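Residue numbers (numbering that gives the first Met the number 0), protein chains in the order written: chain A, 0 to 497; chain B, 0 to 497; chain C, 0 to 497; chain D, 0 to 497.
Treat the hints as calculated values from the structure; they're not laboratory data.
Predicted model only: the values in this text are computed from it and were never measured.
Treat the hints loosely; a few may be bogus.
[Said to hold, decoys possible] Using 16 Å as the maximum straight-line C-alpha spacing, the simulated EDC-like pairs for lysine to aspartate or glutamate come out as follows:
no.	chain 1	residue 1	chain 2	residue 2
1	A	K362	A	E296
2	A	K362	B	E280
3	D	K362	C	E341
4	C	K362	D	E280
5	B	K437	B	E296
[As the list claims (entries may be wrong)] Each pair of labels, with its calculated beta carbon distance range:
no.	chain 1	residue 1	chain 2	residue 2	range
6	A	R414	D	D165	37 to 47 Å
7	B	G432	A	R230	28 to 38 Å
8	D	E450	A	G118	33 to 43 Å
9	D	G118	A	G275	49 to 59 Å
10	D	R230	C	E382	25 to 35 Å
11	C	S168	B	A133	21 to 31 Å
Just so it is clear, CB atoms sit at the ideal spot from N, CA and C, and this is done for glycine as well.
4 protein chains.
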Amino acid sequence: MPASRTPPSLPFDDDALHEECGVFGVIGVPDASTFVALGLHALQHRGQEAGGIVSYDPDRGFNSARHFGYVRDNFTSSEVIETLPGAVAIGHVRYAKSDQPRPTAIRDVQPFFGEFAMGGAALSHNGNITNANALRRELIEHGSIFQSSSDSECIIHLMARSLQRDIPSRMEDALRRVEGAFSIVAMTRTKLIGVRDPLGVRPLVLGRLGDAWVISSETCAFDIIGAEFVREVEPGELVIATREGIESRFPFRPRKPRFCIFEHVYFSRPDSILGGRSVYETREAIGRELARENPVEADLVCPVPDSGTPAAIGYSLESGIPYAMGIIRNQYVGRTFIEPTEQIRNMGVRLKLNVNRALIRGKRVVLVDDSVVRGTTSRKIKEMICDAGAREVHFRIASPPTAWPCFYGVDTPRRDKLLAATMSEDEICAHLGADSLKFLSLDGLYRAVGEANGRNNESPQYCDACFSGDYPVAPSDMIEQGFRMETPARRKKKTPAE
Amino acid sequence: MPASRTPPSLPFDDDALHEECGVFGVIGVPDASTFVALGLHALQHRGQEAGGIVSYDPDRGFNSARHFGYVRDNFTSSEVIETLPGAVAIGHVRYAKSDQPRPTAIRDVQPFFGEFAMGGAALSHNGNITNANALRRELIEHGSIFQSSSDSECIIHLMARSLQRDIPSRMEDALRRVEGAFSIVAMTRTKLIGVRDPLGVRPLVLGRLGDAWVISSETCAFDIIGAEFVREVEPGELVIATREGIESRFPFRPRKPRFCIFEHVYFSRPDSILGGRSVYETREAIGRELARENPVEADLVCPVPDSGTPAAIGYSLESGIPYAMGIIRNQYVGRTFIEPTEQIRNMGVRLKLNVNRALIRGKRVVLVDDSVVRGTTSRKIKEMICDAGAREVHFRIASPPTAWPCFYGVDTPRRDKLLAATMSEDEICAHLGADSLKFLSLDGLYRAVGEANGRNNESPQYCDACFSGDYPVAPSDMIEQGFRMETPARRKKKTPAE
Amino acid sequence: MPASRTPPSLPFDDDALHEECGVFGVIGVPDASTFVALGLHALQHRGQEAGGIVSYDPDRGFNSARHFGYVRDNFTSSEVIETLPGAVAIGHVRYAKSDQPRPTAIRDVQPFFGEFAMGGAALSHNGNITNANALRRELIEHGSIFQSSSDSECIIHLMARSLQRDIPSRMEDALRRVEGAFSIVAMTRTKLIGVRDPLGVRPLVLGRLGDAWVISSETCAFDIIGAEFVREVEPGELVIATREGIESRFPFRPRKPRFCIFEHVYFSRPDSILGGRSVYETREAIGRELARENPVEADLVCPVPDSGTPAAIGYSLESGIPYAMGIIRNQYVGRTFIEPTEQIRNMGVRLKLNVNRALIRGKRVVLVDDSVVRGTTSRKIKEMICDAGAREVHFRIASPPTAWPCFYGVDTPRRDKLLAATMSEDEICAHLGADSLKFLSLDGLYRAVGEANGRNNESPQYCDACFSGDYPVAPSDMIEQGFRMETPARRKKKTPAE
Amino acid sequence: MPASRTPPSLPFDDDALHEECGVFGVIGVPDASTFVALGLHALQHRGQEAGGIVSYDPDRGFNSARHFGYVRDNFTSSEVIETLPGAVAIGHVRYAKSDQPRPTAIRDVQPFFGEFAMGGAALSHNGNITNANALRRELIEHGSIFQSSSDSECIIHLMARSLQRDIPSRMEDALRRVEGAFSIVAMTRTKLIGVRDPLGVRPLVLGRLGDAWVISSETCAFDIIGAEFVREVEPGELVIATREGIESRFPFRPRKPRFCIFEHVYFSRPDSILGGRSVYETREAIGRELARENPVEADLVCPVPDSGTPAAIGYSLESGIPYAMGIIRNQYVGRTFIEPTEQIRNMGVRLKLNVNRALIRGKRVVLVDDSVVRGTTSRKIKEMICDAGAREVHFRIASPPTAWPCFYGVDTPRRDKLLAATMSEDEICAHLGADSLKFLSLDGLYRAVGEANGRNNESPQYCDACFSGDYPVAPSDMIEQGFRMETPARRKKKTPAE
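Full structure from sequences and hints, please.
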């Protein structure tokens with residue numbers, strides 16, 4: 000196996016936003032790494048490029064395994080699990096950043112481990128540190144040696160240099176220097192630690208399994224191991240689970256939370272619980288809202304599989320137009336068309352999706368998709384639907400126009416590659432060649448996630464920077480590299496769908 | 000790579016019927032093997048254990064590649080495709096037979112190749128030869144040496160011994176000796192040949208791609224390469240495609256066709272066209288018929304993913320009960336949990352499916368599944384749904400009770416492992432612990448596939464042996480091994496749901 | 000792993016003759032395949048491309064494993080050995096033919112297996128069948144289907160068509176149709192069978208291990224398992240070993256034996272016993288003979304490692320010139336520089352051999368090599384020695400000029416690539432740029448192997464066709480392809496070193 | 000690929016001393032990594048467990064590759080070399096330490112890399128740092144985070160914390176803190192750096208290739224790339240090669256050199272030049288000295304292959320007893336009998352060596368081996384020779400008794416496992432069951448390496464701690480762990496052969 004892997008480059012893989020990470024940890028069960036493997040398998044949708052697990056056993060110390068590829072392929076065999084003994088373990092799944100200059104190396108795969116004077120600690124992280132470059136420069140000047148190109152490694156080095164006498168306090172020291180979005184799962188020999196940044200941008204939940212404690216990005220990972228969902232880790236909270244129980248600390252200056260609204264739209268698994276409701280129900284509500292805002296006469300409501308499905312069901316229920324599977328997904332598509340022939344690469348979306356020709360012919364079709372990023376896939380799907388003889392194609396998008404890159408742990412294209420950054424709704428409709436195209440309004444999205452009065456523009460309830468350009472934390476590294484934040488006034492004109 | 004592979008043994012894999020093969024061939028395009036790889040990828044649902052491709056090029060002769068695993072992993076790279084040059088190629092995907100005494104060897108993977116005095120031919124086959132054992136004994140006595148344990152190899156040896164001077168005529172000779180169900184794609188240096196048995200049990204379709212001809216198990220494989228669906232190969236037809244065009248022969252005694260009705264229920268892909276209609280529409284019609292026959296008061300109609308989905312949509316549309324995704328399938332489950340730890344193996348169905356807890360709680364749920372084989376998965380799903388707090392669970396099965404094994408190319412358990420062979424509908428309901436359970440009637444199924452008057456018991460329109468025990472071809476090898484066919488009268492009593 | 004492998008193509012690999020096979024079998028021990036694996040490991044020098052083992056166990060039938068690469072890498076793990084149970088097993092190691100049009104496929108790797116009406120048999124073979132093409136054509140015309148491109152498969156098909164009622168008799172039938180050189184090890188469920196062609200061209204020896212019987216290409220494979228060398232299988236003998244003991248048959252017309260004299264020069268391992276003496280001793284005697292025939296004044300006698308070593312020691316002992324290791328072989332060179340960079344491929348012989356510069360500088364060196372084939376390696380070695388500052392370089396070759404290809408199981412270049420087919424001894428010396436070069440005479444070689452009066456030209460005691468062009472069996476397939484045998488008279492002039 | 004590998008455990012692998020490393024670097028050629036790969040291939044005898052290469056290219060920065068296994072298998076393909084562009088590169092081969100508590104991880108494989116404020120540097124090392132534990136503790140307390148368990152990583156961290164403004168000066172700072180034996184090859188973006196510890200325990204040589212500079216553990220690696228041997232790097236020298244030329248620094252307090260005398264006996268390749276003479280000649284001289292000190296009447300002198308060969312030739316030349324290959328080494332034995340069956344593992348030395356039975360029978364044999372470590376292999380060889388019918392077996396060992404572990408980069412067993420630490424010469428002879436056994440005296444060894452008056456006991460010319468227990472640098476980490484150095488007086492009694 001190569002020590003590094005080129006990010007996959009199929010055309011249709013470019014045309015979606017990707018969560019960069021999922022984290023999971025458990026303390027208090029024998030063979031903790033088995034539970035972590037199962038939890039990571041349930042979180043695989045948050046990252047498919049690589050995964051890692053670290054465990055600790057009093058006799059055999061800290062052990063780790065890191066692999067490119069799926070959890071099921073790398074972390075479910077006895078052979079691997081036996082190398083990861085102990086009653087405390089954490090793990091991580093990672094998505095490939097599409098804009099990175101070189102392929103991911105196995106040393107970039109989390110969790111990261113550091114040996115401190117008082118013992119070792121391992122740490123994994125979902126999110127993005129927006130001042131990582133500055134921190135890294137400073138640490139190198141003082142003699143720290145980085146193992147990886149990962150921003151998260153800064154946290155370990157900051158901890159190593161702290162003068163605090165215990166690891167959680169060193170972590171507090173370190174995290175106070177860090178800007179951005181982070182949901183962290185960390186461990187020492189005797190502690191499982193979860194931390195969420197003060198804004199709570201990324202999710203992190205706490206669960207119980209008998210006497211054991213579990214921390215995860217999402218609740219769906221509790222279900223697979225039979226753990227009970229206790230509560231969310233609160234924004235700004237550092238929670239320490241040991242055999243004795245739970246301790247909470249709040250090391251940061253309090254701020255009003257800004258949870259990522261896109262977790263509702265796309266990232267989280269539909270069977271996870273967010274805000275007391277299943278994500279599926281929220282998405283169905285999004286579809287209903289979309290139908291109310293943008294009705295159309297049609298014969299069928301079809302989802303773009305699989306992410307558009309719940310919203311399409313909601314659209315159908317609200318509009319009364321029958322729901323149907325007009326596009327069939329080949330369930331054997333994986334990320335592993337490694338270096339296909341030119342001819343096969345060019346097939347693009349047809350390797351993955353096929354139109355249900357006999358069903359679609361002569362029909363007026365409402366196509367429900369979760370978002371439009373570059374628009375390349377949407378355009379091809381529209382062509383396939385028309386080739387199959389559809390009479391009309393109406394796009395209904397279950398989110399506002401994605402016009403701004405995310406700097407908080409979601410892999411987005413550069414701004415100039417985002418279709419909605421440069422085109423109005425009508426222009427996008429023309430670009431895709433559709434009969435109509437409508438985005439959900441930002442207020443509509445807020446209503447669907449439970450904010451009856453829509454967005455509070457004075458003090459927004461969520462991080463919606465990808466739609467609004469309103470960044471709750473200034474992305475300092477990116478600004479240093481030339482990214483220009485704009486004033487709300489200028490923005491308004493460019494993203495008319497808001 | 001091992002030369003053989005143990006069939007996968009996850010508990011939830013035992014509890015479904017599996018198609019054993021898909022076939023695909025093309026003549027008249029450069030790099031024919033690329034098209035075959037794409038076609039096989041589209042037919043992957045018909046067999047995931049292994050695949051093979053043979054091509055012919057005037058300069059480099061016949062070449063072949065055979066691999067365990069998915070088409071996308073083995074047959075899409077330039078490295079492999081370049082070893083398969085030429086303008087004519089055929090391929091095959093294969094399912095593992097669950098009852099075989101030893102693991103599949105790579106030499107058992109089709110297509111098979113034979114060098115005859117007038118040149119070589121390769122052949123692949125979907126179906127099952129019911130007199131293979133007797134033929135094999137006879138051939139060995141006359142000095143034939145078998146390479147594989149596959150029944151299909153008999154055809155090649157019968158062809159080798161024919162006195163005819165051309166390969167299609169040798170194939171006619173050979174196939175007249177063969178009993179059972181077979182849809183064959185074969186090739187010589189200059190011909191692509193398709194054959195369907197006289198009953199037409201398995202599907203086979205003919206398509207065009209510019210000047211090239213294509214033969215496939217299903218039409219969905221035409222869509223991926225942009226080929227046009229011309230017509231079905233007729234039952235009993237041997238069709239020869241060359242650069243000059245198409246020639247049809249009918250070498251068998253004519254019989255009334257008996258197409259496999261289960262292809263409509265489960266095997267074929269929903270976007271394939273069978274009988275002039277998409278399989279999806281037929282399954283939606285099955286769901287409607289099921290709702291008419293077996294209505295129930297409930298809050299939600301949920302499919303068992305993914306095969307129950309179209310019927311669940313039909314049930315919802317007919318009954319007016321809202322459709323919802325109450326069970327979420329982990330899209331990263333594959334066949335590759337190879338030798339997992341005991342603990343992980345025991346997770347069984349939870350590795351694959353999770354209940355949408357927040358949605359299901361307190362609801363009366365109609366669960367629509369395509370069939371019940373052993374019932375093991377159904378039972379676990381019912382438990383998961385109840386654990387999540389559902390108030391009632393009503394199973395609605397989109398086919399009649401599966402009470403008889405198939406001998407025509409479908410991998411079914413021995414009769415005593417089939418739940419419906421030993422239990423009545425009520426007993427099955429009690430066994431699963433459901434609040435109610437209803438199968439679709441055999442007449443209802445016939446109506447849904449377009450036979451307005453239901454089954455013609457005097458002369459059934461389909462092969463429905465798995466439901467009725469009415470085998471259109473006597474399975475001679477199995478009878479020799481002790482299988483007892485029963486009279487319709489005795490059968491009636493045992494399978495009350497008919 | 001690929002199903003086929005390109006033959007290695009390092010320049011220095013072209014410049015030697017290669018044995019094509021080693022065979023080994025055992026009956027009467029539990030886990031017979033372990034013994035076969037060890038025996039094949041000891042015979043690895045006879046073939047490194049691939050190996051195979053077949054075993055038979057009453058409960059689990061015939062089993063086989065075939066792999067490209069070394070025995071130690073493929074056949075020594077419990078995982079593999081457990082798939083090969085039983086008390087009788089045979090095996091084979093194979094060399095890649097350098098002139099084959101396409102890479103070896105795994106299906107070409109022996110032993111071959113055939114299922115006959117009275118049970119199965121497996122067979123492996125060292126040698127070459129000189130009328131294989133004609134036999135193959137005839138068999139195909141009668142309906143046999145070949146699995147491989149191997150000549151040896153003919154034997155299995157001829158056996159399948161025999162009307163005899165037991166397998167050894169069918170083998171007699173088959174072998175009477177076969178021309179060429181063959182040392183065969185075969186097995187049925189209860190018998191281990193060894194056969195040597197009437198001329199006894201290739202070696203085959205019989206051994207005992209307690210109550211078990213062992214058959215091998217060479218005695219060195221008896222030593223590794225602790226078996227006792229009983230006797231050679233005689234030319235023309237078919238020996239059958241069962242639990243009851245040994246039975247000998249002589250199915251062929253008796254002929255005067257012509258054992259391959261090159262086995263003494265190069266192929267056999269130095270610790271094997273041939274003709275009652277260790278091969279090492281024979282090679283030392285060859286070196287002594289060479290020193291007597293071709294003395295020279297010099298400071299050091301150095302072998303070309305490793306095959307020239309025993310003859311160099313003999314030369315030193317006879318001449319009194321000190322023996323020294325002037326060329327050091329890198330023991331980590333393998334056959335596995337797979338697709339090296341252009342630059343590394345061009346290093347050629349330097350990857351494998353290095354001159355002991357400090358030792359050689361200013362010395363007159365006698366370089367002893369076993370033979371000269373294409374001369375490419377010899378030329379490079381001479382350059383390296385001179386670069387290191389040697390004062391004189393005298394080649395002494397421990398065999399006569401190799402001027403004719405072998406058709407009896409040794410991989411030789413086409414005649415026009417053999418240096419000695421086109422150049423006289425003096426021309427070769429000039430070509431290599433040496434100060435002198437002398438071959439051993441054919442009579443000298445005969446004396447060294449124990450024929451005090453040298454070669455009996457009326458009725459030669461050995462097969463020496465590679466030196467003399469005197470082929471004891473006409474190579475009919477090659478003649479059909481245009482190879483011209485010459486009269487001894489014409490030959491004499493071309494190969495003056497005789 | 001596993002991220003770590005269990006050290007090989009064949010019985011006969013335990014019974015030798017193993018060099019732990021070879022280093023190689025080049026600056027000033029395009030594709031420097033190709034030259035490093037070739038150099039490492041030539042140094043493979045110094046370490047077979049794993050290898051690594053780092054290169055630097057202005058456009059693509061620092062790149063590295065690390066692999067378990069042979070250089071030829073991992074670093075010779077275009078695929079790998081292309082990932083290592085640039086005109087400066089260094090590399091390392093590593094032997095597995097047999098006493099390490101856990102398998103080597105890939106992160107322990109050198110070269111190590113560190114990013115400093117003024118740019119990156121990579122470093123690899125042959126030797127052992129005897130105060131590494133203390134240094135590591137200190138560094139961790141100050142916030143350094145170690146990537147590996149390798150002692151060499153300390154150097155990188157000490158460099159990172161230095162306040163010097165350029166990398167060579169930082170290296171001087173770091174190395175002044177380090178105790179033990181080290182021959183280092185390091186690189187920056189524009190410099191190739193070699194350093195040898197003040198005692199010069201391990202070898203390091205400087206060469207030229209046109210305008211390029213090369214540094215290597217041994218001269219044999221110059222030959223393979225055609226480089227010219229310029230001189231040894233001097234003990235205590237830090238040499239910096241750039242495109243402009245060579246700069247020498249001497250950062251350490253001067254000491255009298257103590258080169259490892261065992262490099263002459265065993266570690267270095269026979270074609271390398273040490274002290275102006277080929278190692279082969281020194282070994283031949285050792286054999287002559289051994290014959291003079293310990294003559295015996297016999298028929299044959301046989302080496303234990305392959306390391307005993309030059310000394311056996313020397314013994315033969317001095318004694319007049321003919322040299323012969325009485326033991327034949329199977330050249331296809333590798334380190335890759337991975338997890339063989341129990342039965343095969345028990346074969347032990349027979350998998351690797353076979354006695355030339357026909358040659359040995361009835362003879363009086365002098366067996367020359369380079370050293371006796373645990374004696375397990377010697378004992379088995381003696382048994383094999385006797386089984387073959389030898390009349391007498393006389394061991395002559397080409398070095399003094401190995402009675403003390405090495406702490407300077409050679410992998411030796413714990414003292415209580417060293418046969419000569421607990422037995423006298425006569426006891427060892429009895430233990431092996433030989434007719435006689437004699438070691439070379441320490442003075443004899445000194446004479447053979449060119450010290451006409453033998454060892455200067457007041458101020459020994461070499462490091463001979465493994466024979467004498469006279470450690471030139473106190474092994475502080477080992478002393479901390481309980482190792483007891485003894486006074487020369489007490490030692491004398493225990494190791495009588497001195």
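Verification of the hints:
no.: 1; hint: K362/A with E296/A; in the structure: holds (11 Å)
no.: 2; hint: K362/A with E280/B; in the structure: holds (14 Å)
no.: 3; hint: K362/D with E341/C; in the structure: violated (51 Å)
no.: 4; hint: K362/C with E280/D; in the structure: holds (14 Å)
no.: 5; hint: K437/B with E296/B; in the structure: holds (14 Å)
no.: 6; hint: R414/A with D165/D: 37 to 47 Å; in the structure: holds (41 Å)
no.: 7; hint: G432/B with R230/A: 28 to 38 Å; in the structure: holds (32 Å)
no.: 8; hint: E450/D with G118/A: 33 to 43 Å; in the structure: violated (52 Å)
no.: 9; hint: G118/D with G275/A: 49 to 59 Å; in the structure: holds (53 Å)
no.: 10; hint: R230/D with E382/C: 25 to 35 Å; in the structure: holds (26 Å)
no.: 11; hint: S168/C with A133/B: 21 to 31 Å; in the structure: holds (27 Å)
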